[in-house]
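A.B. asks: One-letter residues, chain by chain:
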Amino acid sequence: MKYLYYPGCSLEGTALEYNSSTRTFMQELGAELIELEDWTCCGASAAEATSHLLSLALPALVLAKAENMDGVKEILVPCSACYLNLKKVEEKIRKDRELLDQINIILAEEKLNLRGQMKVRHLLDVVANDVGSKKIFARVKKPLTDLIIAPYYGCQCLRPYSIFDDPEDPCSMEGIIKASGANIHQWNMGGRCCGASHMTTKPEVALELVAAILKMARGADAIVTVCPMCQMNLEAYQKKISGMCKEDLSMPILYLPQFLGLALGLSEQDLRLDMNLSFTKAFRNKVLS
Amino acid sequence: MNPLEKLESEQKSETAPALVIDSLASIRDMVSACIQCGTCTGSCPNAFAMDLTPRQLWYNVLRGEKETIFHSKTFSLCSVCYYCTLRCPRGLPLTEAMSALKQIAAKENLAPYKKSTRFYKSFLESVYRHGRVREMELMTLYFISMKNPFLPLQFAPLGIKLMGKGKISFEIPSKGNGALKAIFRKVEELEQN
Numbered sequence: 655m656k657y658l659y660y661p662g663c664s665l666e667g668t669a670l671e672y673n674s675s676t677r678t679f680m681q682e683l684g685a686e687l688i689e690l691e692d693w694t695c696c697g698a699s700a701a702e703a704t705s706h707l708l709s710l711a712l713p714a715l716v717l718a719k720a721e722n723m724d725g726v727k728e729i730l731v732p733c734s735a736c737y738l739n740l741k742k743v744e745e746k747i748r749k750d751r752e753l754l755d756q757i758n759i760i761l762a763e764e765k766l767n768l769r770g771q772m773k774v775r776h777l778l779d780v781v782a783n784d785v786g787s788k789k790i791f792a793r794v795k796k797p798l799t800d801l802i803i804a805p806y807y808g809c810q811c812l813r814p815y816s817i818f819d820d821p822e823d824p825c826s827m828e829g830i831i832k833a834s835g836a837n838i839h840q841w842n843m844g845g846r847c848c849g850a851s852h853m854t855t856k857p858e859v860a861l862e863l864v865a866a867i868l869k870m871a872r873g874a875d876a877i878v879t880v881c882p883m884c885q886m887n888l889e890a891y892q893k894k895i896s897g898m899c900k901e902d903l904s905m906p907i908l909y910l911p912q913f914l915g916l917a918l919g920l921s922e923q924d925l926r927l928d929m930n931l932s933f934t935k936a937f938r939n940k941v942l943s
Numbered sequence: 022m023n024p025l026e027k028l029e030s031e032q033k034s035e036t037a038p039a040l041v042i043d044s045l046a047s048i049r050d051m052v053s054a055c056i057q058c059g060t061c062t063g064s065c066p067n068a069f070a071m072d073l074t075p076r077q078l079w080y081n082v083l084r085g086e087k088e089t090i091f092h093s094k095t096f097s098l099c100s101v102c103y104y105c106t107l108r109c110p111r112g113l114p115l116t117e118a119m120s121a122l123k124q125i126a127a128k129e130n131l132a133p134y135k136k137s138t139r140f141y142k143s144f145l146e147s148v149y150r151h152g153r154v155r156e157m158e159l160m161t162l163y164f165i166s167m168k169n170p171f172l173p174l175q176f177a178p179l180g181i182k183l184m185g186k187g188k189i190s191f192e193i194p195s196k197g198n199g200a201l202k203a204i205f206r207k208v209e210e211l212e213q214n
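These protein sequence lines are chains A and B, in that order. Quick note: the first sequence uses our numbering, first residue 655, plus one each step. Quick note: the second sequence uses our numbering, first residue 22, plus one each step.
Hints in this document: simulated from the structure, not taken from any laboratory. A hint or two may mislead.
[As the list claims (entries may be wrong)] So, partial list: chain A residues that the calculated Cβ filter (under 8 Å) puts toward chain B:
id: 1; residue: Glu702
id: 2; residue: Leu715
id: 3; residue: Asp823
id: 4; residue: Cys825
id: 5; residue: Gly829
id: 6; residue: Lys856
[What the hints assert, rightly or not] If the Cβ cut is set under 10 Å, some of the chain A residues that face chain B in the computed set are:
id: 7; residue: Leu761
id: 8; residue: Thr855
id: 9; residue: Ser896
For clarity, every value in this text was computed on a predicted model and none was experimentally measured. Positions of the beta carbon are idealized from the N, C-alpha and C atoms, including for glycine.
Produce the entire structure from the sequences given, and follow the hints as far as they go.
C.D. replies: Structural data, given as C-alpha cells:
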C-alpha cells in the first residue's frame, strides 16, 4: 500500500492531531504515505462561493502536481472538504474535455498540465477497503469492548458522489470500529450536516444542527469523525450548546485514526489525544486505564 | 445600499449587467426541469432558518425574480451538504445552483451577504498570499474586513482554547510570496471574457 498524501491546510493547524494520528496509524498498518511536494490549498468552500472556475483550478493544480510524482497513482486525503474538491475535478474532467482544456490554460501559468490520471481516495475509503477490518482486528492489542461508538461521516465524503459508501445510509465505519472490539451506537445522524463554516458566519443556525447531533449521540461513549470541520464543530461548542439545551451534552469526539490507534496500542503522544478539545476524564479512564 | 439598488447601480456600469443577467440565465438553465416537488426543501438541514424554502427559491429563479432572490437569505444558508442534489428526482445540480447564486452575491458585493462574502474572500486572500490558508490570518483578515471591534470577542474563548492547545498561534497577516498570483489572475482573465 503506497499513496501520495495530501494533508490540506487544516491538518497543519487546527487539525494537527488528525495529521499525526493518520500518519502513525497508516504506518503501523504497513502503508507508505508520500507527502505531495509543494502542495497548495484546494479552495475549501470559499472558492466555490466566489468563483466556479477558481473552485476547479485550485484542486486541479494539486492534482497536476500529484501526477508529476512518479510511481504513485492514488492520492490519499483525510479532510472531506479537500477530498470532495479534488474528487470533483477528477469526475468532471473525465466527462468534459472542454473543461479540461480550460483548466490546462490556467495551469499553463505554472507550467503544469493535467491529464486526469490520479485517483482521489478518502482516508475512510482506504481504511475500510484497502486496510479492512480483518487486518485491523488482527493487530488489535487493546480491545475496546466496553465502548459504544457513534460513527459520524458528515456530508462531503458521502455526497454527491457515491464512491465507497451509501450516501443515504452510510456504514463503512461500522466494520472497522467493530474490529476494535467496540460496539456501534445505532443512530440516523451519521450523514447529517454539522453546519460547516456557518459556525463562523451564522452560528445560530450551525449550533442548532450540532445540538441535534449531540442529542442523538446520548448513550454513546464517543463520536468518531473523518473531517476537520465536523470535528471542530462537534467538539468546540459543547459547553455553549449544553447551556442552550439546558442539559449536559458533552461528548468526547475523536478522529477515526485516533480511535483505531488506541485499539492498536499506539501511544497517546503519537495520536495527539492531548489536542482534542473534548476528551473527558471519564472517557480517558475507560480507554487508557 | 440595499441589494437591489446595488444591482441597479452596477447595471449602469460597464461589465456588471451582462454578468448578472447571464449568470441568472445560466442558473435558470440548471433548474429548468424543476417540477416543484419540494424534495429539496424536505431534505435541507437549514430550511428551518430560511425565509424562502429551496423549492420557492427555484420557482423565483425560473421566473427571473431577481429582487426576491437577492432579498432572500436562502442561498447563503446552503451549507453544501448535497442532500438536495442527491435526492432531486430530476437529477438537477441544486447545490451547484446555490453556489452560483453565492458567486453573484460575492462578485456584486451585495450587502445582505457581506458576512459570508467577506469570510470567503478573507480565506482566499490568505490562500492567494501563501498558497495555503493560515487559519489565524484568515480570522484576522475577516475581523478587519467586517470593521466591527466587538466581533473578535465572540471568537476569543475558542481562540484562547486553540492557542492553549498549540493549534494556532499569533500571526500578523503578511504579504506572503504571492504563491498563487498567476493562477488567480488567469482565472479572473478567463472569467471576464
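A.B. asks: Could you tell me which of the hints above the structure violates, numbers in ascending order?
C.D. replies: Per hint list: 3, 4, 5, 9 violated.
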